[in-house]
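*Asks:* Can you make the complete structure from the sequences, with help from the hints?
Residue numbering for the sequence shown follows this note's numbering, beginning at 142 and increasing consecutively.
A couple of the hints might just be wrong.
Claimed, not checked - Below 20 Å or equal to it, Euclidean Cα-Cα: the simulated EDC-like pairs (lysine to aspartate or glutamate) are:
id, residue 1, residue 2
1, K175, E283
2, K267, D193
3, K175, E378
4, K198, D188
5, K175, D377
6, K267, D298
7, K175, D281
No wet-lab data here; the hints were simulated from the structure.
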Amino acid sequence: MRNMIASLLTLCALCLPLAAQTPIETTGESVAEKPQIAYRLFSNWADNYMADQTRGKQAAEGIMFGLGALCIAGSATTWFAGDAISINSYGSPMNPDTKGGVTLGLGIAGGVILLSGAIVAAVPIKDYRAIYADVFNEKDPEVREAMAVSALRYQADRGKEGRMRAFFMGFAVPLIAGGITAGVNAASGERWDKNLWNTMSGSSWCIAGSIFSLFQKSPEEQLYDRYLTARKAYYDELGR
142 MRNMIASLLT LCALCLPLAA QTPIETTGES VAEKPQIAYR LFSNWADNYM
192 ADQTRGKQAA EGIMFGLGAL CIAGSATTWF AGDAISINSY GSPMNPDTKG
242 GVTLGLGIAG GVILLSGAIV AAVPIKDYRA IYADVFNEKD PEVREAMAVS
292 ALRYQADRGK EGRMRAFFMG FAVPLIAGGI TAGVNAASGE RWDKNLWNTM
342 SGSSWCIAGS IFSLFQKSPE EQLYDRYLTA RKAYYDELGR
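*Replies:* Shown next, in the form of structure tokens:
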């Protein structure tokens, strides 16, 4: 009997550390069963953002390099074949000044566009998988979900700030254009308000765009709203 009691006590002593390491489920739902709403949304957003930026960058590079090459080709054609083309079309060679100006203008434009394309190609795309490596590499699901919520909220705040900047910049453009016009008028001895209204009204489309951007939430804000809606629906479904 004494040996049996000793064996039972020994078994209990061995089981206590294991029991202490086992998490107690207070909600009736394991961590693995939780939907990881924020993490899934943020992961998809990061992948889609990088894919969209890659496609946009490739399209911009193609347009710039193609247009730059076209301008360079036009410059070379004007210089080497401009007279022949003009004779076939108008019966006389090109005016030397016109020929030189068109050749130089197309060459400079082509060079600038090609340089712009090279700059666009050299600018790296934001790798949000690397920027938020702490989120994507986190192994604890609960910690990862909390970090994903924080990342979603941060991006939503940045999107809201961008809308505010666009709003104020939209109103600033006509004012800046009007100020430049008034300054030029004053410097040239004209009435300061000459063509002022035409200049400001010509850029008034910026105001309309800024008002639209003010009331149109950014994609990041909409994504965070999706998270809040999905989270509320999930926990309402569980009756919490």
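*Asks:* A separate judgement is required for each hint: does it hold in the structure or not?
*Replies:* Now for the hints, and whether the structure bears them out:
1. Simply put, K175 and E283 have alpha-carbon atoms about 9 Å apart, close enough for the 20 Å limit, and the pair holds.
2. Taking the CA atoms of K267 and D193, the gap is near 11 Å; set against the 20 Å cutoff, the hint holds.
3. Taking the CA atoms of K175 and E378, the gap is near 13 Å; set against the 20 Å cutoff, the hint holds.
4. Note on K198 and D188: the hinted pairing holds, with a Cα-Cα distance of about 15 Å set against a maximum of 20 Å.
5. About 14 Å separates the Cα atoms of K175 and D377, which keeps this hinted pair within 20 Å; it holds.
6. Restraint check for K267 and D298: the C-alpha separation of about 18 Å stays at or below 20 Å, so the hint holds.
7. For a cut-off of 20 Å, the pair hint linking K175 to D281 stands: about 12 Å separates their Cα positions.
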